[in-house]
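**Student:** Respectively, the protein sequence lines represent chains A and B.
All residue numbers for the first sequence refer to the working numbering, where the first residue is 3 and numbers rise by one.
All residue numbers for the second sequence refer to the working numbering, where the first residue is 3 and numbers rise by one.
Each hint should be verified, as a subset may be incorrect.
Identical copies look the same in the list; a pair holds intra-copy or inter-copy alike.
What the hints assert, rightly or not - Cross-link-like lysine to aspartate or glutamate pairs, in silico, DMTMM-like; alpha carbons within 25 angstroms at most: (1) 170 <-> 36; (2) 170 <-> 24; (3) 170 <-> 146; (4) 175 <-> 136; (5) 26 <-> 133; (6) 10 <-> 52; (7) 170 <-> 19.
Since the hints were derived computationally from the structure, they do not count as laboratory data.
Number of protein chains: 2
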Amino acid sequence: MKVPHEAKKVFTGEIFDVYQWEQKMFDGSDATFEMIKRPDTIQIIAVDGEKIYLSVEEQPFKGSFIGMLGGRVEKGEEPLAAAKRELLEEAGFASNDWDLFKTYQPFSKMDWMIYLYIARNCKQIAEQRLDPGEKITLISFTFDEFIDYILSENFWGQEFVGDILRMKLEPAKLQSFKQRLFK
Amino acid sequence: MKVPHEAKKVFTGEIFDVYQWEQKMFDGSDATFEMIKRPDTIQIIAVDGEKIYLSVEEQPFKGSFIGMLGGRVEKGEEPLAAAKRELLEEAGFASNDWDLFKTYQPFSKMDWMIYLYIARNCKQIAEQRLDPGEKITLISFTFDEFIDYILSENFWGQEFVGDILRMKLEPAKLQSFKQRLFK
């Protein structure tokens, strides 16, 4: 959800800002309501030919995990521009065929949108250029391997897992997702 | 994830506290890392005989939604005690047969645990006693209706949806979940 207009910022953090406002309750009393705002993020399903790329990432506090390429949208940046920048920084890839697959708002008390993009025809055009807080290697999958991996316990990114599980229950949807990835 | 030991609280909110610490990066530099801590919450699958209860809830800012009974764990309170308190406050129910089904930590940068309980043999022993920020009515389902409802777009609580989708893909698991609810 979006932070409401009347809310005041009461804390500015490195990632998380805190907002509060007075909210009228059902009995006419007032209560202080609170929400978090954080930078939106983008995630990328990077595709080239029949290959789909995920990232094996290590971060200083979080440790190692396998997930999608992606990162934070910077202040004033458009989500698609952020996706292009992250794809280039994290993989050295460029794509000429971007497709916004879906957006997610995972948490009702947090003003945070995740944009999930498909990037087709990914081509290596540069070296990786990582932050001091990232170690990333790419791992490539066929479509079936990709689906299996998303549904394994190891995949990082629960929002997308629900979509894939629904596709598994309706094979026609899984097929049309495959066509969308490789069209 | 848990806030690390060395982190300092830099903001105390109504719900959300903010913690920061200095984190060594891969190149030896330091960066300020940040996490949110919020009260843990409990959710309840309330069962009586063949009936399963969900709550139709209205909140002043969030609006109306259908989800599980439940709420925040108070300071110093055990999760099970919080579940018993919320079941009594929100439904007027008591149960003599509690079963911790699963815990969830939905978000890596937030110290927040959700405890999902099954409460069997729920009996009405009191009137509802709601906060000024709650309007709750109960709605009862058969097992099949409950599963369908969880998987509809309207259900509030995505963590649990993934579990139910996985059960739908493996009917034996769905059957054993049904037995666990009604045993």
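**Student:** Give a verdict on every hint.
**Tutor:** Verification of the supplied hints:
1. Neither within a single protomer nor between protomers do residue 170 and residue 36 lie at most 25 angstroms apart by alpha-carbon distance, with minima of 38 angstroms and 37 angstroms respectively.
2. Taking the shortest alpha-carbon separations for residue 170 and residue 24, neither the intra-copy value of 44 angstroms nor the inter-copy value of 43 angstroms comes in at or below 25 angstroms.
3. In this homomeric assembly, residue 170 and residue 146 come within 25 angstroms of each other (Cα to Cα) both inside a single copy, at 11 angstroms, and across copies, at 20 angstroms.
4. In this assembly of identical chains, the alpha carbons of residue 175 and residue 136 never lie at most 25 angstroms apart, being 35 angstroms within a copy and 38 angstroms across copies at closest.
5. In this assembly of identical chains, residue 26 and residue 133 lie within 25 angstroms of each other by CA distance solely across copies; the values are 13 angstroms between and 45 angstroms within a copy.
6. For a Cα distance limit of 25 angstroms, the shortest separation of residue 10 from residue 52 qualifies neither inside one copy, at 49 angstroms, nor across copies, at 48 angstroms.
7. When the C-alpha separation of residue 170 and residue 19 is checked against a cutoff of 25 angstroms, the pair qualifies neither within a copy, at 38 angstroms, nor between copies, at 39 angstroms.
The structure fails to meet hints 1, 2, 4, 6, 7 from the earlier list, while all remaining hints are met.
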